[in-house]
Amino acid sequence: MCRRSEGGMKGFRIARRLLTAAGIFALAAVGYVLIGKVYPFNWGLVLRYYRLFLMGLFVTMKISLISIVISFFLGLLFALMRKSKIEFFEDIGGLYVWFFRNTPLLVVILLTYYGVGTIVNLDRFWASVIALSLFEGAYITEIIRSGIEAVPKGEIEAAKSLGFTNFQVFASVVFPQSIRIALPPLIGQFVSLIKDSSLASIIALGELTMMARQVGTRTLASFESYLIVAFLYIAITTIISTLGRYLERRLAIP
Amino acid sequence: MSVLELHDVHKSFGDLKVLKGINFKVERGEIVVILGPSGAGKSTLLRIMNFLEHPDSGQVVFLGKKLNGNYKIIRWARSKMGFVFQHFNLFSHLKALDNVAIGLVKVKGKSWHEAREIAMKYLEKVGLSDKAQNYPSQLSGGQKQRVAIARALAMEPEMILFDEPTSALDPSLVGEVLEVMKSLAREGRTMIVVTHEMGFAKSVGTRIIYMEDGRILEESGPTEFFKNPRNERAKRFVDSILERVI
Ligand SMILES: Nc1ncnc2c1ncn2[C@@H]1O[C@H](COP(=O)(O)OP(=O)(O)OP(=O)(O)O)[C@@H](O)[C@H]1O
Ligand SMILES: [Mg+2]
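Which chain is which? The protein sequence lines are A and B, in order.
Sequential numbering of the first sequence, starting at 175, is according to the numbering used here.
Sequential numbering of the second sequence, starting at 8, is according to the numbering used here.
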């Protein structure tokens, strides 16, 4: 009985969402037709360059995935430093967060490519990965730090009182709990990272946004190219958020 | 050899002197009940025994070994000294069974399989084998505290410290926890119990320590203590607690 009514609720929610989607789609269609009267869309022309979009999509996904992994570990490392009892480490962690949260990503990318990249040899791709990882890592540091701080002190003491080493306290009690707490903002930050990767186009890295600009220049159909790119970004980020929500549900503790 | 000895232990938090020279010994099989008003330093004393706080000066000797900041010895001592907290402090991401088993895995190096089998025995002992698969949030306060006691017991400790184990409980749930503690007393375990449960102190305690303002003001057997406390402040404290109960 209870189950059926829950099912009913769920069915209702899906119906409502479908209705909303249909409404938005109808509005978009009307808008499209109206705009089409002023701006003649030429999709065929743009889609001839589908290879460029696919290449861009591939680069965007590659840079995003690598940066997500690196920025997560940077965030973990610097969060631990910020929580360290050794003041020197604590200061380093603070300095890192302070610097990267107060510098625009665009500038970080330019600094890495034209600054660091002139001292050590860095190609566009790795310069972008490093800049993006360092930048997002600062936000992830703060997310993980607040996750760590949310773990009840009493549980840490309970683990110590059993005779755990500090590492065991972290690995068995602090980390599993703080990662659950941090997961939703963490996923949000990964979504930001994917969108922020578009700024790598400033150093002519051939990712999605850069490719859209190229197609736009070649075909003079910028509107169409950027619409396609917007759609592709939405697709990637929606997949990431959905995966995140799935993970959240899987890891949830009653 | 005494299980535990404290020699002239001092502890301050900033300018606040919390312990002002504590001396006492606990022999095997003793059940020492520590009484005293809020702020007396009872919790701090227990935490120092477990080295969750470091004493400013003085000595803590456990099973003949000095605890003096050597990390390995401290961990050894902690693994042989159970600690039951006022707020249970169960690991909220682990089921009851794993809360009890994890110490055996991490500290005693047992496999999860073996540790869980042992853990189940201890859950049975506190009457909670049917709650093994529950997470802490799915347990009542009394059940949580019994799991916490099972967690301490599973380590086969030489001594168990209890810091107001029933103070955070609904009055109706106090009894079940006290019952478990009484059964431990009957087994002849060494226990140090901070509590406001006068009935428990009187019937189970083998020795009462009255603390106030960072000092031990009185130390005597339970009958003696409750009939005729030598110390005036201890007397007033007992009266005030008994009044509250009546
Ligand atoms: N970590 C700390 N930092 C600063 N002051 C503290 C700290 N821990 C305890 N204190 C102070 O030390 C004094 C003794 O505290 P303690 O918790 O040992 O008292 P208690 O006898 O256990 O009291 P209660 O019955 O309320 O639990 C209190 O004044 C308390 O505020
Ligand atoms: Mg206390």
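Quick caveat, the hints were computed from the structure, so don't treat them as lab data.
Keep in mind that the hints are not guaranteed to be accurate.
Here are some of the chain B residues that sit facing chain A, going by a computed Cβ distance under 8 Å [what the hints assert, rightly or not]:
no., residue
1, VAL25
2, LYS32
3, ILE109
4, TRP119
5, TYR142
Each computed DSSO-like pair below joins lysine-lysine, with the alpha-carbon atoms no more than 27 Å apart [said to hold, decoys possible]:
no., chain 1, residue 1, chain 2, residue 2
6, B, LYS115, A, LYS327
7, B, LYS138, A, LYS257
8, B, LYS138, A, LYS259
9, B, LYS87, A, LYS327
10, A, LYS327, B, LYS138
All values derive from a computational prediction rather than experimental measurement.
Cβ coordinates follow ideal geometry from the N, Cα and C atoms, glycine included.
Results for each hint:
1. Restraint check, B:VAL25 versus chain A: the minimum CB separation of about 17 Å is more than 8 Å; hint violated.
2. Because the smallest distance between the Cβ of B:LYS32 and any Cβ of chain A comes to about 22 Å, over 8 Å, the interface hint for this residue is violated.
3. Using the Cβ-Cβ criterion of 8 Å, the hint placing B:ILE109 at the interface with chain A is satisfied: the shortest such distance is roughly 6 Å.
4. The interface hint given for B:TRP119 is violated, since its Cβ lies 12 Å from the closest Cβ of chain A, which is over the 8 Å cut-off.
5. For B:TYR142, the suggested interface contact is upheld, since its CB lies about 5 Å from the closest CB of chain A, less than 8 Å.
6. A distance of roughly 23 Å separates the Cα atoms of B:LYS115 and A:LYS327; the hinted pair therefore holds under the 27 Å criterion.
7. Using a Cα cut-off of 27 Å, the hinted pair B:LYS138 and A:LYS257 is violated, with the two alpha carbons roughly 36 Å apart.
8. Proposed proximity of B:LYS138 and A:LYS259 is contradicted: the alpha carbons are some 39 Å apart, above 27 Å.
9. Among the hinted pairs, B:LYS87 with A:LYS327 is consistent with the structure: their alpha-carbon atoms are about 22 Å apart, no more than 27 Å.
10. Distance hint between A:LYS327 and B:LYS138 is fulfilled; the C-alpha atoms sit about 25 Å from each other, no more than 27 Å.
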